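S.K.: Sequence:
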Amino acid sequence: EVYFKNLSKQKQKEVMEKNGNNHKLRVCVATCNRADYSKLAPIMFGIKAEPQFFELDVVVLGSHLIDDYGNTYRMIEQDDFDIHTRLHTIVRGEDEAAMVESVGLALVKLPDVLNRLKPDIMIVHGDRFDALALATSAALMNIRILHIEGGEVSGTIDDSIRHAITKLAHYHVCCTRSAEQHLIAMCEDHDRILLAGCPSYDKLLSAKNKDYMSIIRVWLGEDVKTRDYIVALQHPVTTDIKHSIKMFELTLDALISFNKRTLVLFPNVDAGSKEMVRVMRKKGIEHHPNFRAVKHVPFDQFIQLVAHAGCMIGNSSCGVREVGAFGTPVINLGTRQTGRETGENVLHVRDADTQDKILHALQLQFGKQYPCSKIYGDGNAVPRILKFLKSIDLKEPLQKKFCFPPVKDNISQDIDHILETQSALAVDLGGTNLRVAIVSMKGEIVKKYTQLNPKTYEDRLELILKMCVEAASEAVNVNCRILGVGISTGGRVNPREGIVLHSTKLIQEWSSVDLRTPISDALHLPVWVDNDGNCAALAERKFGHGKGVENFVTLITGTGIGGGIIHQHELIHGSSFCAAELGHIVVSLDGPECLCGSQGCIEAYASGIALQREAKKLHDDDLLLVEGMSMKKEEIVSAAHLIQAAKLGNTKAESILRTAGTALGLGVVNVLHTVNPSLVILSGVLANHYVNAVKDVINRQALSSVKTVDVVVSNLADPALLGAASLVLDYTTRRIY
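With this note's numbering applied, the sequence shown covers 38 to 774.
Please note that a few of the clues may not be correct.
To be verified - Calculated lysine-lysine pairs in the BS3-like style (CA-CA distance at most 27 Å, straight line):
(1) K485 <-> K542
(2) K437 <-> K204
(3) K319 <-> K283
(4) K669 <-> K653
(5) K579 <-> K732
(6) K492 <-> K542
(7) K437 <-> K405
(8) K320 <-> K297
(9) K146 <-> K204
(10) K670 <-> K684
(11) K437 <-> K424
(12) K484 <-> K394
What the hints assert, rightly or not - Simulated restraints, written as ranges between beta carbons of each label pair:
(13) L502 <-> G665: 23 to 31 Å
(14) H324 <-> T375: 31 to 39 Å
(15) H324 <-> D104: 16 to 24 Å
(16) E607 <-> H60: 55 to 63 Å
(17) K155 <-> D196: 51 to 59 Å
(18) D104 <-> E495: 52 to 60 Å
(19) Q338 <-> K405: 54 to 62 Å
(20) Q738 <-> G665: 15 to 23 Å
Everything labelled a hint here was simulated from the structure, so no lab data went into it.
This structure is a prediction, so every number in the text was calculated from the model and none was measured.
All residues carry an ideal CB built from backbone N, CA and C; glycine is no exception.
Construct the complete structure from the given sequences, taking the supplied hints into account.
M.R.: So this is what it looks like as structure tokens:
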């Protein structure tokens, strides 16, 4: 890390010398609307904070200067930026022709401004028609362009504009690995692409406002509670204006029927927006007691409003990008964001052609809380962008170079990302130990931490947070990017809410425990929680014998007996999250008592605790030790002693193990007759001792149609940690709509 920092400083020094020791990089930031300013403002603050390297000129144009859209240039002034030039470039009409005329008007006015400013580089954001005018002017006047958020995919004409700006731009700052790959596929120079994350996430992930209730009351009324209101933001789809207006009308009807307090923001300046405003007024939204219609909300306050909303609805990119940072439920309507990478908080309604569909989506999403998502950034975009700007050599040729296929993989300008490995923080809560590990996408345990599991809830949660923070910090040193936290724990778990419902007796004070919220809040990472048996099955599905197998069952044979069922490649949880409690399949009506309170469970025969119980009985009767065995007085009798005695010829120990193996085998036969898997995987410390007994029972007791099942011993060294990691790695890598 020190080496790379020194290397970066040396490169910056060389660039300064090449550019002239006294030359500051003159940066022009042009902002067109409230949306792009939320992304550009963090960069502008960063540039302003380093006057020894940069000179900042701010140009304001587009809808910023229109009263109907809130005169949002004022928020730029409130942020204490000097606006060098204001350009009125919007031709009113809000139709396709007006958009074209607005681009033309901007092209007429911009050359004079750029001639006066003579910037070294212009920063352009996104995919709006105003931004296309900016990029075209700068490119034709031989001004270097840095494009923010290139390479992304969405619906409407925005896609075409975004990619057109990419071809005009000299440097690219993208937010996701997929966007970076798209830029490379578009033949952009690999060395001029920076994977930084979204600049707005720098502000989102550090947003702390204890007085958010006053903001909610200002915009929605005194009687509104958190998670009990909706934020609606819907724009016209320029490639199908008629349908988008109809969809907006259906949305408002659904919101009226849903009968919750709703903050409706006016649409942007695109073609069709005037008709959408007419729809609002026709339905009386501005005067409806449940609605607050506003032209603009300052970004700092908007953050708090969406962070504490019960739901956000519409088709704004804000919903599928920024809102994920808070885990707020989102309903994405129509095709405007088709192709965007989204978190699990987003419910897509592609064909929002009836009021009932939208109303049903509101009923499904309203009031939920999802893990916070960091798909679009980790809060460190601006330092990376400033570092990237400092590395620009103005003496390099201005002419763009294109890298035609074959292309290189995953290469970006920022050295910190070249060696980073996508990884997960895995947490295993056992009866004795608490373990945290950094696990790579390939299942390699990069670093592992182990502590004794505390006996009380408070101490246990404090230790989990401490170990996770320590591991997350260490991840930077070992070049790992943490995508989220996965937790494997004993007991019954609600994975949707991240709550431990009931614990086993091995873990005290561990019922009705919300694990997701405190850990997600502390680390700003999404958190997944599941039962240890389910995690073992997920580990096998991703890294073990179950890879590519459609239907299989995993049985954990350790201190207790647990398991997980994979059916049609998916994990089965059951209606009350009690599926695959395989240790509590009853194989005898009058068998030994189980820790669950029942009798004759598999766990009462075949678990480590059961074997220890039987070993202790033999030892108390002086029937355990045989020739070749010895025990110290203070040594605790364990299942290992029973197994050792059986190996040395102790017939009573052999009988106990045979009974245990038979009980486990009968349980497996019941599973085969119920879910008919093609594979059974035995996992845990006792698996090797049971595998042959289980196969024998299947041959004797199972129906002929299931006797062909494969029974194997897991080859995974640490299924609990790998399973916890797979909770993260599976979900964070399949979120493309």
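S.K.: Are the hints correct? Go through all of them and say.
M.R.: How the hints compare with the structure:
With a C-alpha separation of about 26 Å, the suggested pairing of K485 with K542 holds against the 27 Å cut-off. For the suggested pair K437 and K204, the alpha carbons sit about 9 Å apart, so the restraint of at most 27 Å is met. Restraint check for K319 and K283: the C-alpha separation of about 13 Å stays at or below 27 Å, so the hint holds. Distance check on the hinted pair: K669 and K653 sit about 14 Å apart at the alpha-carbon level, within 27 Å; holds.
In summary, the hint linking K579 to K732 is supported, as the alpha carbons are separated by about 25 Å, within the 27 Å threshold. Restraint check for K492 and K542: the C-alpha separation of about 12 Å stays at or below 27 Å, so the hint holds. Proposed proximity of K437 and K405 is contradicted: the alpha carbons are some 48 Å apart, above 27 Å. Our distance criterion of 27 Å between C-alpha atoms is met by K320 and K297, whose separation comes to about 16 Å.
At roughly 22 Å between alpha-carbon atoms, K146 and K204 fall within 27 Å of each other, so this suggested pair holds. Distance check on the hinted pair: K670 and K684 sit about 22 Å apart at the alpha-carbon level, within 27 Å; holds. For the hint linking K437 to K424, the alpha-carbon distance of about 21 Å falls within 27 Å, and the restraint holds. Of the supplied pair hints, the one linking K484 and K394 is violated, its CA atoms being roughly 47 Å apart against a limit of 27 Å.
A beta carbon spacing of about 48 Å between L502 and G665 contradicts the range 23 to 31 Å that was offered as a hint. For H324 paired with T375, a C-beta distance near 34 Å keeps the hint of 31 to 39 Å intact. Range check, H324 to D104: Cβ separation about 20 Å, and the 16 to 24 Å hint holds. Distance hint check for E607 and H60: the Cβ-Cβ separation is about 59 Å, which falls inside the suggested range of 55 to 63 Å.
Between K155 and D196 the C-beta distance comes to about 33 Å, which lies outside the given range of 51 to 59 Å. Separated by about 55 Å at the C-beta atoms, D104 and E495 satisfy the suggested range of 52 to 60 Å. For the pair Q338 and K405, the supplied restraint of 54 to 62 Å is violated, since their beta-carbon distance comes to about 23 Å. Taking the beta carbon of each, Q738 and G665 are about 35 Å apart, not inside 15 to 23 Å as hinted.
Hint compliance for this structure: hints 7, 12, 13, 17, 19, 20 are not met, and every other hint is.
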